[in-house]
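Enquirer: The primary structure of each chain is shown beneath.
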Amino acid sequence: MNRRKFIGLSLTGGLIACNSDGPDAAQKLLKIAERQNEKLERGVLFQHTSMDRVRKHAVKAGKKFPVYHISKEVPVWDPRVRGVWRLEVSGAVARPLSLTLDDLMKFKRTTQRVNHYCVEGWTAVAEWSGVRLSEIAKAASITADADYVDFRSFDSDYHESWDIESALHRQTIIAYGMDGRLLGPDHGAPARLHSPIKLGYKSTKYLTRIVFMPRRNGGYWSDRGYEWYAGV
Amino acid sequence: MKRHHWVIRLTHWINTIALIIMVGSGLRIFNAYPAFAPRGGTFCCYPFEGVPVPAWLTFGGWLAGARQWHFAMMWILVVNGLVYLGMKARLRVRRVDDVRRKYNRGQRIVYFLMPVFGIILVLSGLAIWKPVQLSLLTSAFGGYVWARYWHFSAMIVLVVLSIGHVFMATVVEPRSLKAMITGS
Chain A
68 MNRRKFIGLS
78 LTGGLIACNS
88 DGPDAAQKLL
98 KIAERQNEKL
108 ERGVLFQHTS
118 MDRVRKHAVK
128 AGKKFPVYHI
138 SKEVPVWDPR
148 VRGVWRLEVS
158 GAVARPLSLT
168 LDDLMKFKRT
178 TQRVNHYCVE
188 GWTAVAEWSG
198 VRLSEIAKAA
208 SITADADYVD
218 FRSFDSDYHE
228 SWDIESALHR
238 QTIIAYGMDG
248 RLLGPDHGAP
258 ARLHSPIKLG
268 YKSTKYLTRI
278 VFMPRRNGGY
288 WSDRGYEWYA
298 GV
Chain B
54 MKRHHWVIRL
64 THWINTIALI
74 IMVGSGLRIF
84 NAYPAFAPRG
94 GTFCCYPFEG
104 VPVPAWLTFG
114 GWLAGARQWH
124 FAMMWILVVN
134 GLVYLGMKAR
144 LRVRRVDDVR
154 RKYNRGQRIV
164 YFLMPVFGII
174 LVLSGLAIWK
184 PVQLSLLTSA
194 FGGYVWARYW
204 HFSAMIVLVV
214 LSIGHVFMAT
224 VVEPRSLKAM
234 ITGS
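Just so you know, the sequences run in chain order A and B. Taken in order, the first sequence gives residues 68 to 299; the numbers are from our numbering. Taken in order, the second sequence gives residues 54 to 237; the numbers are from our numbering.
Where hints are given, some of them may not hold.
Unchecked claim - No farther apart than 27 Å at their CA atoms in a straight line, the calculated lysine-lysine pairs in the DSS-like style are these:
#1 A:K131 to B:K183
#2 A:K175 to A:K205
#3 B:K155 to A:K98
#4 A:K123 to B:K183
#5 B:K55 to B:K155
#6 B:K55 to A:K106
These aren't lab readings, by the way, just hints derived from the structure by calculation. Just so it is clear, the structure is predicted and the values come from calculations on it, not from any experiment.
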């Protein structure tokens, strides 16, 4: 092969990569791979005992913690328009709950300094305060068929559903405090889901409803091509 | 006798395709946050923080597409790589494969380093795929941020070695390219 052929071959290699999303026929195979990965993640890798630990010298993101929502404006709960904010807990439960922020604060408080793993590749450390979801599940006494949980919001139609194991993990909390202050509208006030064991988009902000379910029902980003399981 | 066993030839070319897709989709994933600093922090050792790589080098179209490709192709890469290394070891033990006669010193170093960096890539990749579930592995790389950095750096090294390898096999010693296709 001469130099010209070499260059030609290199260009072909480049063209394969060339900013395309690949052949359509591959999409089915990619879906299969995602399902197999999920089986491995749920069946083998997930442990109730594996915890996220922030490294000793890690700095808190503070004001640099990215602000994210899908609505055009920052979603703000206005009690004059919508009435008192309440978190409804329903579905596969024996005792449905309707909790005000005060009610939520009466639960045993958990404060944890953890990472936030964004699907984009960045991480941000913050100290979150709130209630373990397992506490709320206990209070609502979830039934045996509660295999999934959906977390819904007032940020447009944003929601994400979770497997029950990850939802009941010790580090999965309903947070109303961030870095020692009450949660602000930028980060999901009055309360949001937060967990370091799944990618950031799974942690629904601006919560309104927690629905325990026998089946999963996707989510905002997981319906748009991102992994549904998204464990880290 | 054939210069390259058919299993070696087959796995070599599967590896070529898998690697191109892994690098392309990996760069698309990287472009979603082309930096290493944690939010609110800094990173010492990357001069191009915040600068995306050119889009034409990427594969997968958008972040979700690139992630799907990356997390599917990784299995082909790993299984294929294990078959390759297993076959290589078998040929070596049976003394079919005499690398000292086949390659000069420079080639032997490069061909030794490529799978070494491949293994570093796989391990650092697992470390950033599951930093909580595989936290011991992630810690071994110095935490998530550093594991991501090693994953990126090892990719750069492997790409440079591969470009050198392609140049050697096509321009300097064109017969070796034919040998990797037909075997003789």
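Enquirer: So which of the earlier hints does this model not fit?
Expert: Failing hints, ascending: 3, 6.
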